[in-house]
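Take a look at the letters that make up each chain.
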Amino acid sequence: MSGDNIFTGLVEEHQGDARWAFGTGFTDALAGVDTTLPAGVDGADLALYCQMLGDDALVQAQRLVQWVTDAPELEEEVALANIALDLLGQARLLLARAGQADGTGRDEDAFAYRRAAHEFRNVRLTEAPRGDFAHAVVTLLVLSGQRLALFGRLADSTDPVLAAIAAKGVNELAYHREYAVSWALRLGDGTPYSHERMVEAVADVWPLTGELFATHPVEARLAAQGAAVDPATVRDEVHAVLTRVFTEATLAAPAPFPEGTVAGRDGRHTPALAPLLDELQKVAREHPEATW
Amino acid sequence: MTVTQEARPGADDAFQADFDAKIAADQRIEPRDWMPEAYRRTLVRQVSQHAHSEIIGMQPEGDWIASAPSLRRKAILLAKVQDEAGHGLYLYAAAETLGVDRSDLTTRLIEGRQKYSSIFNYPSLNFADVGVIGWLVDGAAICNQVPLCRSSFGPYARAMVRICKEESFHQRQGYELLMRMMEGTEGQRRMVQDAVDRWWWPSLMMFGPPDADSPNTAQSMAWRIKRDTNDDLRQKFVDMSVPQAEKLGVTLPDPELAWNDERGHYDFGEPDWVEFKQVVSGAGPKNAERIARRRAAHEKGAWVREAATAYAAKQAAKARTTTNLQEASA
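Heads up: the sequence lines are chains A and B, in that order.
Counting from 0, one number per residue, gives the positions in the first sequence under numbering that gives the first Met the number 0.
Counting from 0, one number per residue, gives the positions in the second sequence under numbering that gives the first Met the number 0.
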């Protein structure tokens, strides 16, 4: 390899270089997938559902990015960035699908950058302030556990695009959960201090978990048609997984998930979301005519 | 483990002759080979400073991940910053083959006892900085690092091969972002020119002081842990960057920049070496903040690392108990 070649390569035309850094292959996960809406499925419903799952991923990724240059160890910087990157990839596909489904043709950026907080459909746990590393671990454990259970079933969705996104996402989410479990064990069964931090994190996170399993009418309608998964149906499975992890981590068995009501899925958020979106959207909004 | 002179007293001359012959034949020195203590020390300094640069270098761009103006740019930038953490990890691992400990190197960084590339002590003020850092800063880094793929120290040379490949992706993403912005709105073009104006001179300083003022260069070149002089690399970088700037449509902020037919190179102005010395010695715009952030992350994370260590010890003890029980019952 010579320095000259690397440099002259720059001023030549790029030959469809898809890869800008490790993990940015950006291969089309939906290549060859039929994008027509399944018969009988309401496009507006499907678009909202895609936003729910897409916003969960986007907002969670935005929180995880806050660990970059702030993690306890370099390996954790890499791992958390990697998880954020996976979620960002899922969000992009889901938001693009939302724009197809509602007939507006809006792209992923139109959803990410040009909606107000009340138009976001994420559950509120994803927007909760970052907290310490124990909070990050518990939050990731719960969110990845729920999402993995959803995506496992969604791989059979009657919507071929959702099915493809879920099939790809399952492997990513299995890793996210495994990472969270490995740290739940270390922190829970590490030092008395780390154990205490885990207990506090669980206490802080738990009140927000009920919403993850509350069924929105859109989810109910689409689930009845086989296009979506009713989150209430994964509640027991997710709880069982957490119970095993908590026991192994020497933590008290988790309380049942509280009875949740739909909130974020209807655009009702905590005060934490607006500043998160301000940061996400500020450059794009300052240059409304620009492309990047 | 490194075999040092102390390990085999009396045999220095033969070891030294063997080492010299390997260097002369352009062969690699490996961690188990005998090496002069000064060679080892110089490499520890060079490799660990390089590792620290990767880690501190995550900050100026990392600041823009949250606000990247498209999801594609956000993903690219996040992946790039993640790569830099990975580069830091390979380089710390290469340094550890020289008998030092990563946690000790981290302590030296956060206590300000070891340096990192001064370029990262400048602020990143607008989103075009992400592109210019990729184009010029990563470009200058590649210029510096490609020759290091032939460093005489094997683990460093091998780490550099992988790092250079990834850096070339990083450089291209930066240049591609700038191309897109220059084709965009007037506001975007202004952002790019502003970023170029601020990063051009610090990029030239990345090659280090002029040769006449670089005391370590001669010895490092003799040991083949450095392959070109600072001024040679700086010239090469200028020669490569000027046509790229023209293609982009930006002006490089140097009125003395002109093609010299006789030399076959571009002439260029003198960087502000007074500013360079100030930034190297810790008085740059962001020195204190960069180190403070790294230190804060490290200190805040102490309880997490302690928990991981305690957990690993408990697991190891459990495994021993199980083995003992199995042996007892056998």
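Because the hints were derived from the structure by calculation, they are not lab data.
Because the structure is a prediction, the values reported are computed rather than measured.
For every residue, glycine included, the Cβ atom is placed at its ideal position computed from N, Cα and C.
Some hints here could point you the wrong way.
Not the full set, but computed from the structure, chain B residues with beta-carbon under 10 Å of chain A [stated by the list, open to error]: (1) N125; (2) A295; (3) V303.
Cβ pair distances, simulated, as ranges [what the hints assert, rightly or not]: (4) E288/B - E177/A: 29 to 37 Å; (5) A311/B - A251/A: 17 to 25 Å; (6) A311/B - E195/A: 13 to 21 Å; (7) E258/A - G281/B: 53 to 61 Å; (8) A318/B - L29/A: 40 to 48 Å.
Now for the hints, and whether the structure bears them out:
no.	hint	verdict
1	N125	8 Å, holds
2	A295	8 Å, holds
3	V303	4 Å, holds
4	E288/B - E177/A: 29 to 37 Å	35 Å, holds
5	A311/B - A251/A: 17 to 25 Å	23 Å, holds
6	A311/B - E195/A: 13 to 21 Å	19 Å, holds
7	E258/A - G281/B: 53 to 61 Å	57 Å, holds
8	A318/B - L29/A: 40 to 48 Å	46 Å, holds
Comparing the model with each numbered hint stated earlier shows that all of them hold.
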